[in-house]
Amino acid sequence: MFRPSTGQWFVSYSSSGYASGFAIEWGVSGDVPVPADYDGDGRTDIAVYRPSTGQWFIKRSDSGFTAVIVVQWGVQAQNDVPLPADYDGDGKADPAVYRPGSGFWLVAKSSTNFATAIAVQWGVQAQSDAPMPADFDGDGRADPAIYRPGTGQWFILRSELTYSTFGVVPWGNQALGDVPVREK
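When you number the sequence shown by the numbering used here, it's gap-free, plus one each residue, and the end is 1421.
To be clear, the hints were calculated from the coordinates, so they are not data collected in a lab. For every residue, glycine included, the Cβ atom is placed at its ideal position computed from N, Cα and C. Among the clues, some could well be false.
Beta-carbon label-pair distances, calculated as ranges [as the list claims (entries may be wrong)]:
{"hint": "1", "residue 1": "Q1245", "residue 2": "G1279", "range": "41 to 51 Å"}
{"hint": "2", "residue 1": "T1349", "residue 2": "N1410", "range": "17 to 27 Å"}
{"hint": "3", "residue 1": "S1348", "residue 2": "R1419", "range": "15 to 25 Å"}
{"hint": "4", "residue 1": "A1363", "residue 2": "S1300", "range": "19 to 29 Å"}
{"hint": "5", "residue 1": "T1290", "residue 2": "D1415", "range": "16 to 26 Å"}
{"hint": "6", "residue 1": "A1412", "residue 2": "S1252", "range": "40 to 50 Å"}
{"hint": "7", "residue 1": "A1363", "residue 2": "A1260", "range": "38 to 48 Å"}
{"hint": "8", "residue 1": "D1278", "residue 2": "T1243", "range": "19 to 29 Å"}
{"hint": "9", "residue 1": "G1258", "residue 2": "A1412", "range": "13 to 23 Å"}
Please take these sequences and the hints and turn them into a complete structure.
Right under this line is the structure:
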């Protein structure tokens, strides 16, 4: 659990039957929690995205939450939406943002220590597209995907073919109050 007012995280261990855990301060008011496995150890890392600066602050679980990664990736003026996932297939979550105004997905690749990026355009602001990344094609890499509430359609850009093909899946009905659910 993340408490935005204090920047505190409260973690309960499943290995103890949720009887024990820890609390740690990581973040400030206005930060967006973006927990994911950024270090590839199979455990979720404590992380926040700071919209005001476009920075990602990640406490690595493989160090007992003592080692920190800071990545500059995002722009406040663009209303970037943080969407961490493993887009490059290296077993580590990548800092990524979706830019609603242009429909661009921008991914800082962890496989190159954030030195290279993936940039694809996928989504339309006028359609109120909701970004919904997940590994839809089973290649071990998250695919940029959007859900279009007005039509109840999912538009999935397939990473397995270097973003050259896509699928459209009708699944959902806004009139019935359906809400798309994104994997975390």
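Exercise. Check each numbered hint against the structure and report the violated ones by number, ascending.
Key: Checked against the structure, the hints that fail are numbers 1, 2, 4, 5, 9, while the rest are satisfied.
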